Amino acid sequence: MNNLIYGVWNGEVYDCRRGEASKATPSLVGLDDFAPHNKTRAFVADRGFLIFERDTSLIKAFSQYMTQAAQESCGRCTPCRVGTQRLRDLLWEFAEDQADESILDEIEAIAEHVANTSLCGIGQSTPRALIAALRHFRDEFKPISPAQAVFQHSFTYTTAPCIEACPSKVDVPRYIDGVRDGKFDFALGVVLDNYPMAGACGRVCVRFCESACRRAMAEAPVGIRQIKRFAADQAITNNRLHFSKPAEKHDKSVAVIGAGPAGITCAYRLLLQGFKVDIFDAQQAAGGMASIGIPSYRLPKDILKKETEDVVRELGGQFYYGKALGDGLSVDDLLKNGYGAVFLAYGASQGTHFGIKNEYPDLDGYITGVDFLFKVYQHVEAGKTFNLDGDVVVVGGGNVAMDCVRSARRMGAKNVHLLYRRTEEDMPADREEIVAARDEGVLYHFLTNPTGLVVDNRRVKALELVKMRQTERDAKGRRNVEAIEGSTYTMPSDLVIAAIGQQVERNVLKPGEGIELDRDNCVVVDPETLETTRKGVFAGGDCVLKPQTLVHALGHGERAAESIADYLLNGAVSIKPEYRMQEVLKKNGLLKDECLEKPVVFRPRVVSPELDAVARSRNFDEVEHNISKEAAYEETERCMRCYRLYSLVTERELAGNAS
Amino acid sequence: MKARINDKEVHFEPNQTILEAARANGIFIPTLCEYHDLDHTPGTCRVCLVEVRQPGSDEAQYLTSCNTPMTENSAVRTMTPKVQEMRRFQMEMAMSDHNEDCATCTRQGDCELIDAANSTGLKKIRFHYTKAWMPPEAGTKPVVYDKSRCIRCYRCIAVCRKVQDIDALEADGWGPTAGVRLKAGTYDASPCVSCGQCVMVCPTGAMSERDQVQEVVDYIADPDIVTVFQTAPAIRVDLGDEFGLPPGSNVEGQIIAALRRIGVDVILDTNFGADLVIMEEGTEVLGRLKAKAGPTFTSCCPAWINYAEKHYPEILPMISSTRSPQAVMGKMIKTYLAEKRAIDPAKIRVVSIMPCTAKKEEAARKALSENGVPDVDIVLTVREFARLIRRYGLDVGRLEPSTYDDLLMSEYSGAGAIFATTGGVMEAAVRTLYYVVNGKELEGIEVTGLRGFENVRSATVEVGGELGSIRLAICHGLRGTRKLVEAVLSGEEKFDFIEVMSCPGGCVDGGGTPRQKKSYIPFAKKRQEALFTLDRQKKPRQSHNNTQIQKLYADFLETPNSEKAHHLLHTHYTARGCGANADIPAAWAELKDQRTEERRQRTEDRRQNPA
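Just so you know, the protein sequences line up as chains A and B, in that order. According to the numbering used here, numbering within the first sequence proceeds without interruption in unit steps and concludes at 660. According to the numbering used here, numbering within the second sequence proceeds without interruption in unit steps and concludes at 697.
Pulled out of the complex, with its shape left as it was, chain A reads as follows (with noise of 0.2 Å):
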């Protein structure tokens, strides 16, 4: 960034208002180009502020900072509730001119106060900017002039490290927040501003939010997902949660291409706000992949058919199942029959296949893991006959592997392997996970391959493998994997399941459609609005992302629903400020290398009650319980609330939220 003119940052003072400094300047990327034909003129934060014009007002922009915490303050705690409003205050007296400047030492005296006696982030935080300006650029403290009082203006946007890691950014402190205060359905309804399938986030999310949590520095991260998890199911599992229909305000209608999370979410999000909505889904029931591929012992179907199915019905969308792009269906006919947009969620179902020899995908005892996790699908909620006995050997290391082999347990074989080419340490599924599917008998085999199918008659007997061992570390300090010569071996087996990954299945989309697909079939989108190459057709989650988590699906229908009523509404997609404010934060990793300041008191993660392993392994009933509200309320206390806020002061104003 080359045009600072002064400022604090990490602690260190930049000072170019007589030329250049003497140290190299912070260098944080996206603030110059935040707005295009609108100047960045300063950026506020936490960890300080940087000035980038010089007639800049100083006092303004922190009078907007802490009217912003102000508002942000949740009010338990003394010095925040009162402190914050207190510097508002006195920062707009003196921004105004009201007050001379004496009262710049008090701002000083409460600002500090109010950031070393705070109970959460946002009182803790807010103020140390507005420190260090008093501190070191006193003299840049002056009244607002009439031409700073038009051309500044400031957007505001409040977050938090495991917000910003979600990739659908939900608010997790403000549900913690709802849980502990007791306001279970509040805390949903937050998670339910985003998307509608909190009861099954809440149980099979990867949560990224937790590995964001800056609670992991003292004990563990907050349970997050449990929280979630907890709040949803008061309401779910007890039969409160209902929607009415909501009054129909535009008569554009939308086409939803795919019932899964991506779709539901979408579909959800433009019911709410007045759109009619039809899905369409090659399946007979809701839930995509989280229907398909997450085994009801980790997510019951019930609970997943209330959250999608039901809630899509009680806004009234409409559902068309058995339809499937491709198949008589096509987005030219979609456009053509009065759909004003159309969203492309059709996933990412294709089970990829090995590529060793003598695989042929109809061979009998072989099998993709997503076409498995099907057919054990079918069977569980449909009564299809699906007999399985004898060795089941499962290749891949991801959450789908770990379907795949709890599901073969519960389906009845009598012994499950697992295999994996690198190491435990090395295997991307859930830790949980890894340790749940040994404790039901699962047989692991690290640091093996595959190499080839023993056929006979068309009927798979052994998997051929080859033992592997890693290789010294690479310049980046990772550890690949070889194949030790010599070491191939044969392992019997009755069924050989692929879980090595899916892709996007071909021939969904017509060349002549004018929807541009990578050399992955995944469909091309702008990521910051998710429209494709066709106007008025947008598409998000796995056929676009390629096999993802449900979260990204989520956020990805969450965003495309924002795209589409902006398009419907506005014949064009604007890109909101936080998005951009969001890439920003992500780019220059400004939540990331915090550290505790004060010491905590150590509290014990919680943990969920879980189905005993002998109990659970021969059948699909739910494994994880929900945590007792008296476990949920103290989980909630472990919660620091590290929310921060970052304030872009622009020479005129955002669209959207500015003031």
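By construction, these hints were calculated from the structure, which means they are not laboratory data. Where hints are given, some of them may not hold.
So these bits of chain A aren't anywhere near chain B, every CB distance computed over 12 Å [what the hints assert, rightly or not]:
no.: 1; residue: ARG18
no.: 2; residue: LYS277
no.: 3; residue: ASN458
no.: 4; residue: ILE576
Selected chain A positions facing chain B (in silico; Cβ < 10 Å) [to be verified]:
no.: 5; residue: GLY76
no.: 6; residue: ARG82
no.: 7; residue: VAL83
no.: 8; residue: THR85
no.: 9; residue: GLN86
no.: 10; residue: ILE111
no.: 11; residue: THR118
no.: 12; residue: LEU120
no.: 13; residue: ALA236
no.: 14; residue: VAL601
For each label pair, taking beta carbons as the anchor points, the in silico distance ranges come out as [to be verified]:
no.: 15; chain 1: B; residue 1: ALA189; chain 2: A; residue 2: GLU220; range: 47 to 53 Å
no.: 16; chain 1: B; residue 1: LYS452; chain 2: A; residue 2: GLY339; range: 57 to 63 Å
no.: 17; chain 1: A; residue 1: GLU220; chain 2: B; residue 2: GLY665; range: 32 to 38 Å
no.: 18; chain 1: B; residue 1: GLU95; chain 2: A; residue 2: ARG55; range: 55 to 61 Å
no.: 19; chain 1: A; residue 1: GLU21; chain 2: B; residue 2: ALA146; range: 35 to 41 Å
no.: 20; chain 1: A; residue 1: ARG139; chain 2: B; residue 2: GLU145; range: 20 to 26 Å
no.: 21; chain 1: B; residue 1: GLU540; chain 2: A; residue 2: LEU612; range: 32 to 38 Å
no.: 22; chain 1: B; residue 1: MET87; chain 2: A; residue 2: ARG432; range: 31 to 37 Å
no.: 23; chain 1: B; residue 1: MET87; chain 2: A; residue 2: ARG19; range: 50 to 56 Å
no.: 24; chain 1: A; residue 1: ARG432; chain 2: B; residue 2: GLU145; range: 33 to 39 Å
no.: 25; chain 1: B; residue 1: THR166; chain 2: A; residue 2: SER103; range: 21 to 27 Å
Fair warning: this is a prediction, and the values are worked out from it, not measured in the lab. Quick reminder that beta carbons are idealized off the backbone N, C-alpha and C, glycines included.
Given chain A, work out where chain B should sit, using these hints.
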């Protein structure tokens, strides 16, 4: 592990907080929101600041001692000038949005907030934020919340969750409007049973009983009205606290003297009602035992009745139909007493002094009224009663004790006297049951197996005769009650007779008794002992030997459970349920309120029109 506090070496356990370590070493740190007896450290007031230097660091940290652990070899200072100044400023801010209109506050003269302010040496409050104040709740609920006096300690929520397991309250509001409210929006839909424990732990006057002192003063002043007072079994050992007497002092005589000085027309004792309840309920239980009709629950406690109606309606048929002592008194006053003394019942106003908030609600039950006129007109808690007495310039400690002069409804037995403590109702009932079954008095009178303080107790008592031994259970506090009720409903536990008192300790420590600062029911044992002493001094000690009770049956009610007794002294209960569907649009409205745009505008307004 060791560290230094104020240069003195102290030893501490891992994970022990600075506040705990300081207290263990006799070092005082001012606190406000913290409530040790409930292990409640919300860390919201931020007053308990201390200076900490971690080993090897010269930097002073200013940390709240209540929720910061001691660290090995750290140096803590509790009274540096900087620490004192920070605490003072914290208090200044805490006071700046507190409604410091002490003259109109129910906690006047007895306020933990003032104590905390004094302990920091606060001398000035330079600014005020009052825009978020709202008038206290109106309506007829026995407990009233005034947000303008709330300091956001959330002790009320903690006691409701941890002690009572009712969980009726939730944190409400945002920023300046932060406070508490009932779950589910209304009292009826909320799990609240009006037990009043929230009032007992509130450090200020934010949670209070609905004050009805003025209504009583007006009745007393009205020459056309005949005021009839009854005081509950607990009052005589509770009231003294309010006038600085030692805990557990029996001030029955002073209460009578005070009421006489005030000009109350008829002074009665609810203990008489307790004896009457034993006659009715005992007979009822005997009938149910003979008919093998399953367990009977007591019915004296109105919060318990609320609890059963709202949370366990399936248990209602097992609850004794006998009215509570307050309610039998109300009915007997407006029928029997009115008839015998030739007073027009329409002119009578019955005022009950109760250790209870839920009794206010009980008095308003339709089933406890006659042609729309309630049998009990007004219920005052002990706290209101103390205010009433002060209205007449009286000090209970200085009054010469007096005695009852009513010959119809003021005598009571030792059994009636112990009604107010956990196990007391049961013991009183056993004394009479034994007599009815065996035709002779229980030897030794006292049933010590029923006494104690555990939240759930059970005992098998040999009653003899055709009943043999019966299984009894006693619980106080609703957390234990839930366990017991569930065990009974599931068939896991079989009892014949079960006493429930919603407040831990029983009525002597009820939600309407004097509040104690920073400690939860500290005088429970002393009050219990005082009642046992009263029982031992009393003659007779069994309800059936109360001569005025015998006269009541002979002259008016015929026999226990007679048709007339049934009509006048029994009641019924109604399943009410509670809870509501999840109101997600309301959640979204609240979320929107917490988030930026709307609030920004309102904040700007506030800024432009400062308070």
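A quick look at each hint next to the structure:
With a least CB separation of 30 Å from chain B, A:ARG18 remains clear of the 12 Å interface cut-off, as annotated. Consistency note on A:LYS277: stated as away from chain B, and its beta-carbon is indeed over 12 Å from all of that chain's, at 20 Å minimum. The beta carbon of A:ASN458 is kept farther than 12 Å from every beta carbon of chain B, the shortest such distance being approximately 58 Å. Every C-beta of chain B lies more than 12 Å from that of A:ILE576, the closest at about 18 Å, which supports listing it as non-interface.
At its closest, the beta carbon of A:GLY76 sits 3 Å from a beta carbon of chain B; the interface hint therefore holds under the 10 Å criterion. Interface restraint check for A:ARG82: the shortest CB-CB distance to chain B comes to about 6 Å, inside 10 Å, so the restraint holds. Proximity of A:VAL83 to chain B holds as hinted, the smallest CB-CB distance being about 4 Å (cut-off 10 Å). Taking 10 Å as the C-beta contact cut-off toward chain B, the hint placing A:THR85 at the interface holds, the least distance being around 8 Å.
Taken as an interface hint, A:GLN86 checks out: its beta carbon lies about 6 Å from the nearest beta carbon of chain B, inside 10 Å. A distance limit of 10 Å between C-beta atoms decides the matter here; for A:ILE111 the minimum to chain B is near 8 Å, and the interface restraint holds. At a threshold of 10 Å, the smallest CB-CB gap from A:THR118 to chain B is about 5 Å, leaving the interface hint in force. Below 10 Å, beta-carbon pairs count as interface contacts, and A:LEU120 has one with chain B at about 5 Å; its hint therefore holds.
Given the 10 Å rule on beta carbons, the hint for A:ALA236 holds: about 4 Å separates it from the nearest Cβ of chain B. With a least beta-carbon distance of about 7 Å to chain B, the hint placing A:VAL601 at the interface is held under the 10 Å criterion. Between B:ALA189 and A:GLU220, the C-beta spacing of about 49 Å keeps the proposed range 47 to 53 Å intact. Distance hint check: the CB atoms of B:LYS452 and A:GLY339 are about 60 Å apart, consistent with the given range 57 to 63 Å.
At roughly 35 Å, the beta carbons of A:GLU220 and B:GLY665 sit within the given window of 32 to 38 Å. Taken as a hint, the range 55 to 61 Å holds for the pair B:GLU95 and A:ARG55, whose Cβ atoms sit roughly 57 Å apart. Against the hinted window of 35 to 41 Å, the Cβ-Cβ separation of A:GLU21 and B:ALA146 comes to about 37 Å, which satisfies the hint. In this structure the supplied range 20 to 26 Å holds for A:ARG139 paired with B:GLU145, their Cβ-Cβ distance being about 23 Å.
The hinted range of 32 to 38 Å is satisfied by B:GLU540 and A:LEU612, whose Cβ atoms lie roughly 34 Å apart. For B:MET87 paired with A:ARG432, a C-beta distance near 32 Å keeps the hint of 31 to 37 Å intact. For B:MET87 and A:ARG19, the hinted distance range of 50 to 56 Å is satisfied, since their beta carbons lie about 53 Å from each other. In this structure the supplied range 33 to 39 Å holds for A:ARG432 paired with B:GLU145, their Cβ-Cβ distance being about 38 Å.
The hint said 21 to 27 Å for the Cβ distance between B:THR166 and A:SER103, and at roughly 26 Å that hint holds.
Taken one by one, the earlier hints all hold for this structure without exception.
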